[in-house]
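J.: Sequence lines, in order, name chains A and B.
Numbers 1 to 114, taken from the working numbering, label the letters of the first sequence in order.
Numbers 115 to 230, taken from the working numbering, label the letters of the second sequence in order.
Misleading hints may appear alongside valid ones.
Okay, derived cross-link-like pairs now, DSS-like style, lysine-lysine, Cα gap no bigger than 30 Å in a straight line [as the list claims (entries may be wrong)]:
{"hint": "1", "chain 1": "B", "residue 1": "Lys178", "chain 2": "A", "residue 2": "Lys101"}
{"hint": "2", "chain 1": "B", "residue 1": "Lys169", "chain 2": "B", "residue 2": "Lys180"}
{"hint": "3", "chain 1": "B", "residue 1": "Lys134", "chain 2": "A", "residue 2": "Lys101"}
{"hint": "4", "chain 1": "A", "residue 1": "Lys69", "chain 2": "A", "residue 2": "Lys49"}
{"hint": "5", "chain 1": "A", "residue 1": "Lys49", "chain 2": "A", "residue 2": "Lys109"}
{"hint": "6", "chain 1": "A", "residue 1": "Lys109", "chain 2": "A", "residue 2": "Lys69"}
{"hint": "7", "chain 1": "B", "residue 1": "Lys180", "chain 2": "B", "residue 2": "Lys134"}
{"hint": "8", "chain 1": "A", "residue 1": "Lys101", "chain 2": "A", "residue 2": "Lys71"}
{"hint": "9", "chain 1": "A", "residue 1": "Lys71", "chain 2": "A", "residue 2": "Lys49"}
{"hint": "10", "chain 1": "A", "residue 1": "Lys71", "chain 2": "B", "residue 2": "Lys128"}
{"hint": "11", "chain 1": "B", "residue 1": "Lys169", "chain 2": "A", "residue 2": "Lys109"}
{"hint": "12", "chain 1": "A", "residue 1": "Lys101", "chain 2": "A", "residue 2": "Lys58"}
Far from chain A, some chain B residues (derived; all Cβ distances over 10 Å) [what the hints assert, rightly or not]:
{"hint": "13", "residue": "Lys128"}
{"hint": "14", "residue": "Ser129"}
{"hint": "15", "residue": "Lys134"}
{"hint": "16", "residue": "Leu158"}
{"hint": "17", "residue": "Leu160"}
{"hint": "18", "residue": "Ile207"}
{"hint": "19", "residue": "Phe221"}
{"hint": "20", "residue": "Pro223"}
Hints are computed from structural coordinates only; laboratory data are not their basis.
Where is the CB? At the ideal position from N, CA and C, for every residue including glycine.
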Amino acid sequence: AQSVSQHNHHVILSEAASLELGCNYSYGGTVNLFWYVQYPGQHLQLLLKYFSGDPLVKGIKGFEAEFIKSKFSFNLRKPSVQWSDTAEYFCAVSPQGGYQKVTFGTGTKLQVIP
Amino acid sequence: GAVVSQHPSRVICKSGTSVKIECRSLDFQATTMFWYRQFPKQSLMLMATSNEGSKATYEQGVEKDKFLINHASLTLSTLTVTSAHPEDSSFYICSATPGQKGNEQFFGPGTRLTVL
Chain A
1 AQSVSQHNHH VILSEAASLE LGCNYSYGGT VNLFWYVQYP GQHLQLLLKY
51 FSGDPLVKGI KGFEAEFIKS KFSFNLRKPS VQWSDTAEYF CAVSPQGGYQ
101 KVTFGTGTKL QVIP
Chain B
115 GAVVSQHPSR VICKSGTSVK IECRSLDFQA TTMFWYRQFP KQSLMLMATS
165 NEGSKATYEQ GVEKDKFLIN HASLTLSTLT VTSAHPEDSS FYICSATPGQ
215 KGNEQFFGPG TRLTVL
C-alpha cells in the first residue's frame with residue numbers, strides 16, 4: 001500500500017517570500033501525484049497533478065511541483081506567496097491504472113502574513 | 115465544471131439516531147464516489163469507495179453496518195450513519211471521479227456531523 005508524508009505541518013511566511021512544501025511518498029510502482037488546497041471555509045480543490053511526462057508540473061495560481069522519481073518526492077513551490085495563499089495544502093498519491101485509491105498526506109497549514 | 119455537492123452541510127443529532135448525508139455530482143456522471151472522514155488537524159481518511167450499482171468497498175476498520183453507503187445512480191451516493199454516537203462526530207467529505215485518466219477526484223464541501 002502507498003503512503004504519503006508531508007514534513008511541514010505549519011509554515012508561516014511573509015508576503016513575497018518563496019515557498020517550498022515537502023512531500024514524499026512510498027510505493028513500489030508508477031504513481032499519479034496530486035496537490036490539493038483547502039482555503040479557509042472552502043472545500044478541497046485540485047492545485048496540480050502529475051500523471052506522466054515532464055516532471056515539472058505547473059498548476060493554478062502560480063504553483064508548480066517537481067516529481068523527482070529517485071527521491072520519491074513531489075515538492076510544491078511558489079516563488080512569491082500572497083496573503084490569499086493562506087490555506088491547508090495536501091499532497092496525495094495513487095497507483096496508476098483503474099480507479100485506484102488516493103492516499104492523502106496529513107497536510108501543511110500555510111499562513112502568509114501581510 | 116465538475117461540481118460536487120453535499121447535503122446537509124451541517125447536522126446535529128441525538129445519540130442513537132441515524133443520519134443520512136447525500137453526495138451529488140452536478141454536472142458529470144460519477145461511476146465512482148469516495149467517502150472520507152476528516153478529524154481536526156488530521157488528513158482525510160478514506161472510509162469507503164462506492165461504485166454505482168454495486169456494493170461499496172470499505173477500508174479496514176470501517177464498520178459497514180454502521181456506515182451504510184448506497185450509490186443508486188451515476189450522480190448520487192448516500193452515506194447513512196446508523197445509531198450515531200458522539201465519537202462519530204466528525205467532518206465527512208465525499209468526492210467523485212468522472213472516470214478520466216489519473217483518478218482526479220472532485221470534492222464536495224463536506225458535512226459537519228455533531229452527535230450529542
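J.: All hints, please: hold or fail.
T.: Hints and how they fare:
1. Between Lys178 (chain B) and Lys101 (chain A) the alpha-carbon distance is near 18 Å, which keeps this suggested pair within the 30 Å criterion.
2. Between the alpha carbons of Lys169 (chain B) and Lys180 (chain B) the distance comes to roughly 15 Å, so the proposed pair stays at or under 30 Å and holds.
3. Proximity of Lys134 (chain B) to Lys101 (chain A) is assessed by CA-CA distance (about 24 Å); at most 30 Å being required, the pair is judged to hold.
4. Restraint check for Lys69 (chain A) and Lys49 (chain A): the C-alpha separation of about 15 Å stays at or below 30 Å, so the hint holds.
5. Distance hint between Lys49 (chain A) and Lys109 (chain A) is fulfilled; the C-alpha atoms sit about 19 Å from each other, no more than 30 Å.
6. For the given pair, Lys109 (chain A) sits about 25 Å from Lys69 (chain A) by alpha-carbon distance, which is consistent with the 30 Å threshold.
7. Annotation: proposed proximity of Lys180 (chain B) to Lys134 (chain B) holds, straight-line Cα distance about 12 Å (limit 30 Å).
8. For the suggested pair Lys101 (chain A) and Lys71 (chain A), the alpha carbons sit about 22 Å apart, so the restraint of at most 30 Å is met.
9. Note on Lys71 (chain A) and Lys49 (chain A): the hinted pairing holds, with a Cα-Cα distance of about 18 Å set against a maximum of 30 Å.
10. Proximity of Lys71 (chain A) to Lys128 (chain B) is assessed by CA-CA distance (about 49 Å); at most 30 Å being required, the pair is judged violated.
11. For the suggested pair Lys169 (chain B) and Lys109 (chain A), the alpha carbons sit about 36 Å apart, so the restraint of at most 30 Å is broken.
12. Under the criterion of a C-alpha separation no larger than 30 Å, the hint pairing Lys101 (chain A) with Lys58 (chain A) is consistent with the structure, at around 24 Å.
13. At the 10 Å boundary, the C-beta of Lys128 (chain B) stays outside the reach of chain A, the nearest C-beta of that chain being 27 Å off.
14. A cut-off of 10 Å between C-beta atoms confirms that Ser129 (chain B) is not in contact with chain A; the least separation is 28 Å.
15. Non-interface status of Lys134 (chain B) relative to chain A is upheld: no Cβ of that chain comes within 10 Å, the nearest being about 20 Å off.
16. Not every CB of chain A is more than 10 Å from the CB of Leu158 (chain B) (nearest about 5 Å), against its label as outside the interface.
17. Some Cβ of chain A comes within 10 Å of the Cβ of Leu160 (chain B); the nearest lies about 6 Å off, and the non-interface call is violated.
18. With a least beta-carbon separation of about 7 Å from chain A, Ile207 (chain B) fails to lie farther than 10 Å from that chain, contradicting its non-interface assignment.
19. Listed as a non-interface residue, Phe221 (chain B) fails to keep its Cβ farther than 10 Å from every Cβ of chain A; the least gap is roughly 4 Å.
20. Residue placement check: Pro223 (chain B) does not keep its beta carbon more than 10 Å from all beta carbons of chain A (closest about 4 Å).
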